[in-house]
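Can you join these two chains into the complex? Each is in its own frame, and there are hints to help.
In order, the protein sequence lines correspond to chains A and B. Take the first sequence: its position 77, counted from the start at 1, is 77 in the numbering used here, and no numbers get skipped. With positions in the second sequence counted from 1, the corresponding number in the numbering used here is that position plus 92.
A hint or two may mislead.
[Claimed, not checked] Across the chosen pairs, the derived CB separations fall in these ranges:
1. Ser96/B <-> Ala43/A: 34 to 44 angstroms
2. Ala46/A <-> Ser167/B: 18 to 28 angstroms
3. Ser167/B <-> Trp92/A: 46 to 56 angstroms
4. Val149/B <-> Arg21/A: 47 to 57 angstroms
Simulated from the structure, these hints should not be mistaken for laboratory data. Using N, Cα and C, we set each Cβ at its ideal position, and we do this for glycine too.
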Amino acid sequence: MEPALWAGDWIVVAEVGRGPRVGEIVLLRDPREPERLMLKRVAAVADGACTVLGDRPEESTDSRAFGPVPLGNVLGRALFRYAPIGRIGWLW
Amino acid sequence: MFLSRLLKPTVTASAHCDLPCGVYDPEQARIEAESCYKIIEKYKASTDELFKTRAIVIKEERAELAKHHIDVLWSDYFKPEHVQKYPEITELCWKAAKQCSKVKGSLDLGDAKTLLDMIDKIADVWTKAGGPQATRVQNGVAARA
Numbered sequence: 001m002e003p004a005l006w007a008g009d010w011i012v013v014a015e016v017g018r019g020p021r022v023g024e025i026v027l028l029r030d031p032r033e034p035e036r037l038m039l040k041r042v043a044a045v046a047d048g049a050c051t052v053l054g055d056r057p058e059e060s061t062d063s064r065a066f067g068p069v070p071l072g073n074v075l076g077r078a079l080f081r082y083a084p085i086g087r088i089g090w091l092w
Numbered sequence: 093m094f095l096s097r098l099l100k101p102t103v104t105a106s107a108h109c110d111l112p113c114g115v116y117d118p119e120q121a122r123i124e125a126e127s128c129y130k131i132i133e134k135y136k137a138s139t140d141e142l143f144k145t146r147a148i149v150i151k152e153e154r155a156e157l158a159k160h161h162i163d164v165l166w167s168d169y170f171k172p173e174h175v176q177k178y179p180e181i182t183e184l185c186w187k188a189a190k191q192c193s194k195v196k197g198s199l200d201l202g203d204a205k206t207l208l209d210m211i212d213k214i215a216d217v218w219t220k221a222g223g224p225q226a227t228r229v230q231n232g233v234a235a236r237a
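Here chain B stands alone, though its shape is the one from the complex (with noise of 0.2 angstroms):
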């Protein structure tokens, strides 16, 4: 029992990682960031203090999960041979995961647009990369088109 405890590693390292499911779509991000938009014109509409505490609440959570989508794609979806194509891919979706921060802070509908277009334009990469077909489950495809 001593001996055990004197020889337990006391440094723990992952040797292996995450099984990616290899679903990736940035409507996944563009849903968060849709609800960040509503969120910002509902709290504009809104005289109820309580509810616009709420909506701010609520838009952060949204825009975190927005960056956080778009850090899935970035660092799981797209490959090295994706950014040797498609090199703008790399700043698209850097600046499209500042912008999410952006919009955790802000309360201007303008910079929530902003964020809309950014995903738009790594949803186009992801398009020309082959991302439907590569990523999603048949059906799902077919539902969207």
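Okay, chain A solo, but in the shape it has when bound (with noise of 0.2 angstroms):
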């Protein structure tokens, strides 16, 4: 997910109490191993699942591997970054 995220940043991810809009970064489990959590962006949202890729396609393992991912699947919005504190900011 270079460069909006980062390993090892510290994120707020929160239930927006709305589904997920394309664009979006969210939080989300692994549809092939549930206990698996990611990040990804949102590119399509239709018939109660979601298509997420991850920003940087030719390294990220994605819908285009594992197919739309139920909206149950997806936890929250990743919203702030609170650390390192030069990265500090929303992530929209």
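Shown next, in the form of structure tokens:
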């Protein structure tokens, strides 16, 4: 998900009380391995599922590999990065 | 220090994924499945209890590896466009992975042979889907042909 997110970033994720929208970064359960949490960007939402893609398609395993993810797997939206200090800011 | 501990996130999510090397070949699964086949043969030919115990342990490992390679092929190599063109691949991979589990617990040569046949069917689709050209380093393909 670079450059939007870097390994080791500390971020706030929250349920936003509505479905995910295109362009947002969401926290979701990997449909292949539900205990694994992932952060991906929403590329499309349709029929109770969303297509998610990494920001670096050549290195990302995303909906191209595991298909659209049911909306029930989406746990929340990434809102804010609070560390590292130099990169504090909203994630939209 | 205290503040940092307080603010430290409690949940870790992965934002980056595996970097795929892009090399996929059903042969990898086949070799493990062949090991299972040969191990069952050797098990049946032996009267050495220690050897037979080791054979079972190793066969289970090999069957698990075959399953792993089939899963990787299915989840990482085959893309939606392949599935559209060769819809049978979903069931082939699924059934082959299940057959690996069967071979894991079986000492029936027939089960191991069935697994080999299933992997060969996956290899047919992989070849038709351009796998050899798309995934193997050139020299390797030439050496296999």
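TODO: Could you work out which earlier hints the structure fails to respect and list their numbers in ascending sequence?
DONE: Hint 3 contradicted; others consistent.
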